[in-house]
Amino acid sequence: MNPFAFARADSLAAALAAVQRSPRAQFIAGGTNILDLMKDDVERPPILIDINALPLRTIEQRAGYIHIGALTRMSDVAAHPLIRAGFPMIAVALEESASPQLRNMASIGGNVLQRTRCPYFRDTATPCNKRHPGSGCGAIGGVNRMQAVLGTSEHCIATHASDVAVAFAALDAVLHIAHAGGMREVPINAFYREPGATPQVENVLAPGELIVGIAIPALPYGAHSTYVKARDRAQYEFALASAAVALDVRGGAIRAARIALGGVGTIPWRAREAEELLAGAPPTRASYERAAEVSLRGARGQGQNDFKIPLAKRVVVRALETVSA
Amino acid sequence: MSVPLAGAGAAQAQGLAMKGPQATAVTLTINGASRTITIEPRVTLLDAIRDYAGLTGTKKGCDQGTCGACTVMVNGRRIDSCLTLAMMHEGESITTIEGVANGDTLHPVQAAFIEHDGFQCGFCTPGQIVSAVAMLAEGHALNDETVRAQMSGNICRCGCYPHIVDAILEAGKPS
Amino acid sequence: MSIPTIGAPRSRVDGPDKVTGAAKYTCDRALPGMLHAVVVPSTIAYGRVVSIDDSQARNAQGVVLVMTHRNAPAVDQNKVGEQDAKLFLLQSDEVEFDRQPVAVVVAHTFEQAVHGADLVRVHYEMRTPQMALDSGTLFIPKQIFGAPAAHARGSAEPALASAHGKVANVYRTPTEHHNPMETHGTVAAWDGDELTIYDSTQWAFGVRTRLAGVFKIDPANIRVIAPFVGGAFGSKGTAWSHVPLAAMAARATGKPVKLLVTRPQMFGWVGHRPQTEQHVSAGASADGALVAMIHDVTNETSLSDEFVEPSAVFSRDLYAVPNYTMHQELRRLSISKPTYQRAPGESTGGFAVESAMDELAYELGIDPLELRLINYAERNPNNGKEYTSKKLRECYSQAAERFGWSKRTAPPRSMQRNGMLVGWGMATASRATHRGESHARITMHPDGNVVLAVGTIEQGTGSPTVYPQLAAEVLGIGHDRVRLEWGDTNLPEAPLAAGSQTAASVGSATVLAAQALRDRLASLGGKIPDDGITIEIDAKVDEAAENRYAQQAFGAHFAEVEVDPDLLHVRVSRFVGAYDVGRVLNAKTAGSQLVGAVVWGISMALYEKTRFDMRTGRIMNATLADYLVPTNADLPKPDLITVEDDDERVNPAGVRGMGEVAMCGSAAAVANAVYHATGVRVRELPITVEALL
Numbered sequence: 001m002n003p004f005a006f007a008r009a010d011s012l013a014a015a016l017a018a019v020q021r022s023p024r025a026q027f028i029a030g031g032t033n034i035l036d037l038m039k040d041d042v043e044r045p046p047i048l049i050d051i052n053a054l055p056l057r058t059i060e061q062r063a064g065y066i067h068i069g070a071l072t073r074m075s076d077v078a079a080h081p082l083i084r085a086g087f088p089m090i091a092v093a094l095e096e097s098a099s100p101q102l103r104n105m106a107s108i109g110g111n112v113l114q115r116t117r118c119p120y121f122r123d124t125a126t127p128c129n130k131r132h133p134g135s136g137c138g139a140i141g142g143v144n145r146m147q148a149v150l151g152t153s154e155h156c157i158a159t160h161a162s163d164v165a166v167a168f169a170a171l172d173a174v175l176h177i178a179h180a181g182g183m184r185e186v187p188i189n190a191f192y193r194e195p196g197a198t199p200q201v202e203n204v205l206a207p208g209e210l211i212v213g214i215a216i217p218a219l220p221y222g223a224h225s226t227y228v229k230a231r232d233r234a235q236y237e238f239a240l241a242s243a244a245v246a247l248d249v250r251g252g253a254i255r256a257a258r259i260a261l262g263g264v265g266t267i268p269w270r271a272r273e274a275e276e277l278l279a280g281a282p283p284t285r286a287s288y289e290r291a292a293e294v295s296l297r298g299a300r301g302q303g304q305n306d307f308k309i310p311l312a313k314r315v316v317v318r319a320l321e322t323v324s325a
Numbered sequence: 001m002s003v004p005l006a007g008a009g010a011a012q013a014q015g016l017a018m019k020g021p022q023a024t025a026v027t028l029t030i031n032g033a034s035r036t037i038t039i040e041p042r043v044t045l046l047d048a049i050r051d052y053a054g055l056t057g058t059k060k061g062c063d064q065g066t067c068g069a070c071t072v073m074v075n076g077r078r079i080d081s082c083l084t085l086a087m088m089h090e091g092e093s094i095t096t097i098e099g100v101a102n103g104d105t106l107h108p109v110q111a112a113f114i115e116h117d118g119f120q121c122g123f124c125t126p127g128q129i130v131s132a133v134a135m136l137a138e139g140h141a142l143n144d145e146t147v148r149a150q151m152s153g154n155i156c157r158c159g160c161y162p163h164i165v166d167a168i169l170e171a172g173k174p175s
Numbered sequence: 001m002s003i004p005t006i007g008a009p010r011s012r013v014d015g016p017d018k019v020t021g022a023a024k025y026t027c028d029r030a031l032p033g034m035l036h037a038v039v040v041p042s043t044i045a046y047g048r049v050v051s052i053d054d055s056q057a058r059n060a061q062g063v064v065l066v067m068t069h070r071n072a073p074a075v076d077q078n079k080v081g082e083q084d085a086k087l088f089l090l091q092s093d094e095v096e097f098d099r100q101p102v103a104v105v106v107a108h109t110f111e112q113a114v115h116g117a118d119l120v121r122v123h124y125e126m127r128t129p130q131m132a133l134d135s136g137t138l139f140i141p142k143q144i145f146g147a148p149a150a151h152a153r154g155s156a157e158p159a160l161a162s163a164h165g166k167v168a169n170v171y172r173t174p175t176e177h178h179n180p181m182e183t184h185g186t187v188a189a190w191d192g193d194e195l196t197i198y199d200s201t202q203w204a205f206g207v208r209t210r211l212a213g214v215f216k217i218d219p220a221n222i223r224v225i226a227p228f229v230g231g232a233f234g235s236k237g238t239a240w241s242h243v244p245l246a247a248m249a250a251r252a253t254g255k256p257v258k259l260l261v262t263r264p265q266m267f268g269w270v271g272h273r274p275q276t277e278q279h280v281s282a283g284a285s286a287d288g289a290l291v292a293m294i295h296d297v298t299n300e301t302s303l304s305d306e307f308v309e310p311s312a313v314f315s316r317d318l319y320a321v322p323n324y325t326m327h328q329e330l331r332r333l334s335i336s337k338p339t340y341q342r343a344p345g346e347s348t349g350g351f352a353v354e355s356a357m358d359e360l361a362y363e364l365g366i367d368p369l370e371l372r373l374i375n376y377a378e379r380n381p382n383n384g385k386e387y388t389s390k391k392l393r394e395c396y397s398q399a400a401e402r403f404g405w406s407k408r409t410a411p412p413r414s415m416q417r418n419g420m421l422v423g424w425g426m427a428t429a430s431r432a433t434h435r436g437e438s439h440a441r442i443t444m445h446p447d448g449n450v451v452l453a454v455g456t457i458e459q460g461t462g463s464p465t466v467y468p469q470l471a472a473e474v475l476g477i478g479h480d481r482v483r484l485e486w487g488d489t490n491l492p493e494a495p496l497a498a499g500s501q502t503a504a505s506v507g508s509a510t511v512l513a514a515q516a517l518r519d520r521l522a523s524l525g526g527k528i529p530d531d532g533i534t535i536e537i538d539a540k541v542d543e544a545a546e547n548r549y550a551q552q553a554f555g556a557h558f559a560e561v562e563v564d565p566d567l568l569h570v571r572v573s574r575f576v577g578a579y580d581v582g583r584v585l586n587a588k589t590a591g592s593q594l595v596g597a598v599v600w601g602i603s604m605a606l607y608e609k610t611r612f613d614m615r616t617g618r619i620m621n622a623t624l625a626d627y628l629v630p631t632n633a634d635l636p637k638p639d640l641i642t643v644e645d646d647d648e649r650v651n652p653a654g655v656r657g658m659g660e661v662a663m664c665g666s667a668a669a670v671a672n673a674v675y676h677a678t679g680v681r682v683r684e685l686p687i688t689v690e691a692l693l
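Residue numbers (this note's numbering), protein chains in the order written: chain A, 1 to 325; chain B, 1 to 175; chain C, 1 to 693.
Hints should not be assumed to be uniformly reliable.
[As the list claims (entries may be wrong)] Facing chain A, from chain C, some residues (calculated, C-beta under 8 Å): (1) His-108; (2) Glu-111; (3) Asp-118; (4) Arg-121; (5) Glu-370; (6) Ile-374; (7) Leu-567; (8) Tyr-607; (9) Asp-613; (10) Pro-630; (11) Thr-631; (12) Val-689; (13) Leu-693.
If you are wondering where the hints come from, they were derived from the structure by calculation, not from laboratory data.
All residues carry an ideal CB built from backbone N, CA and C; glycine is no exception.
Extracted from the complex, chain A is given alone in its bound form:
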């Protein structure tokens, strides 16, 4: 790691002011992503601002939504009764992430901001348009079994790595973002940017901004939700393909559905067309297969990851069947 200075912020205002003064400074919460990238020499901030003292660890019911403080650890979010009862897909997505140790360390805000696992991004010896714009994309034509099939461009095919962000996308979560001038709210489905011609731009977070909370809007059928993650080994691995789904089934018909895909997109992939297709449809495997087909529309394999397309469809079907059982 490069030499850096370290400061502990004792208030939100102090933290925001610090990065205003030193634009290359970065926040550190759990540290599991930023320190990993610094060890790879991908990130080289000269200053780290420790924000762990900020009072951003509560989870509470507010009017119309559940508020999750951005510094709440993944394990604590997964264990919280409001989350487990109201939105099982969030709890499952978290419990299927990483390892128990990492879940104890990583903040939910940091998880949402985590950067891709693409080995070309993390290896400074290989070309990567995200890490080094204009240098090329090593994954295209290279080792790309884990890369994305949705939302890719000729400049970047890196998969978005977060599991819980997929659940947040399905639930229309809203990010509460603090900046020197105040606060703003950004729906998570408007937060991430597909790579396009600028893979180095991953989201709309402006310099000096800090995610302070995540709002999960009330969803009556949120309790009928789950997350299914397909991977090679049973634990401690990123997704080959995953799906966060919620189903509102009443009177023998699907009233509404939420579907988002993980492991297959350059961003968490909300499948609205598939949701619309399910509205009014019978809760049968045939319906789910049609929805799955539609949710992968536009998917393009890169060679080694072609299998993700049929696999993701099966994952969607499995998730929908699980939640309607």
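Chains B and C: place on chain A using the hints.
Just chains B and C now, kept in the frame of chain A:
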């Protein structure tokens, strides 16, 4: 202490007390004992424990959060010490493998590991044991499947997993 | 000669040290004034270093030295012994593989050294690396382990052509990396012309010899200390480049130097199992008797070294097939030198051959276990020798019984449970027994306590527990009266701790030394002199006696998999094995060795593969997140037993090696189970979702 950062091109972050980039005094409470070491901010908790506090029981298997060999407890919660900075844990209670036994009396998990041969080369073992001790305090159901899942953040290349599970199930039985 | 069967499940004497963190490994060693060194590995696979800009690195805080090919001292990196690897000690600008050492940065702290290494800018002239197996330059080895690399008995081709039932397929195993939990590392310290090395190694004496050659100094001036080793699996059997580089850095700086290999660097210069492509043909008559088998193996090797992965040894020495041909060849690629990885040859060959036997069983309509029994060889089919002992029939029957094999319905996809496809597969295990010369020194002190001194190492196999047990049995005293001193070239010389040979080698030396001590004590009327009794033994291998009989460890594996019919995730839900390893010295440590080997076999079948960017030769999954090994959740509790076998002919210890036999064929048991569950025959490992879709 505020220090200009050579080559960083950044102004000092006034208002916040900056440490580093050169080494400064950091006080860590490890296994109940207070230790003051002089370290740069970039020193991980793992390296601080091993190289500066001289407690080499905690091992470095990957240094990038992929194996769990470096597991320690901070305020009773298990973490990978390689992916956090020592400086971030002043004032917290850190427990390493050296602090698991009660003096000369092995912790039930340690005794069970010996009885069930839960190790071979022994390198992942400190991390396995600290992880298991923390895990048992997390209140999960104690059965094969749950223990396996909850211990999957600790990689063992010698293949001791089945014996590790047996050891934990035994140690976790209400006495 | 017969000694009482021991086998007591004694807990490891190093257990308290290992469970409290007191056990010291090389990386734990700290010496006064010690500096930290980090290797700068190449980022190309083939070409040369054109220039190195190390000015930023040299000026970085705390950096003491940047060593490159421009300023490194001249040393001899050429191989001496046949098994030696060419070393890369900054003697030239040539680059032959990805992550080859091209510089070493030495600093006061680890952080300073790592950062300094990041600051070194290396410019390369890149040549196109050779990465595809069939495009590499061919090399045909003459020998494998002293036997011909090409071998034939009878006339395989015509016999195969006229066989009633036959199969012919290509099987592939990938490049694999050992990834022990402790990375490689060395601490080097000079005192004048004397060199002390702490190293994570399987062979302290081998390290000493190699360093003597590199530095042109007397081996007597080198001491290698290797107490606890955090896993090796074959990767630490030779002194790789970082060992002399650490010594070079220590000499240049005048200070002790600790050089630890990082986890991504473990995919660089410290060896790996080479990928194999194996053509296996087998033909049988209608009653299942094999009439012909052909086993052709190609594996990758490096540009400068020849390493043979002896997969065909498995088929050569197992079934009673009268017409047989084996052929091994190498292809040179822009990779680092491959080396032995747990069960070299017989694990990769076991996968291919035991898959082929399963395919043949289906072709003939014969039960897979029945097919093995029909082709059981009473004598070694290669050389016709009688075995020291062979209880493979007992392995088959005991394991099959425990597993419930008789309840198997043969057709693929015919078994289900809770919505999962269930598959049952079996395979034979076979592994040659090796033994090396070993010295030992045993001392009985006046108080009756005994110290056994052997310069072997402990990598998890249980040395500090098992050899004292052996000696105690011979002497008729309690286990706790005997203590092992180990891990130091100042102690009597031991062979390489690999090839499952340590118990046979060091164990035999222990038995002979203990017998001599017992006899000497008896001759003194049971009275121990004031200065104790010391016996030194050189347990040479009697080649003629060794070669009189065939020596192999055997076994039978039975695997059950559950496969999700839609998501196609494969999980090994049950694994039963019975192994014939001769005498079991300690049931507890032996049980762990078997479990470990089975885990490795499952891992080979389902998880492990080193992934190269074929355009550049760079390994792109050089972490433990991207190179998959099993987690705790992936494995069942295997049910593994050893069959009783009081082998009195094999060696004084009575053992035939058990660290690897359970890995030979176990990957095939899993692959065969996957076929039985899904109807999809996967002939390339690891078995992944995409192979089953």
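Honestly, which of those hints from before does the structure not fit?
-> Numbers 1, 4, 5, 6, in rising order.
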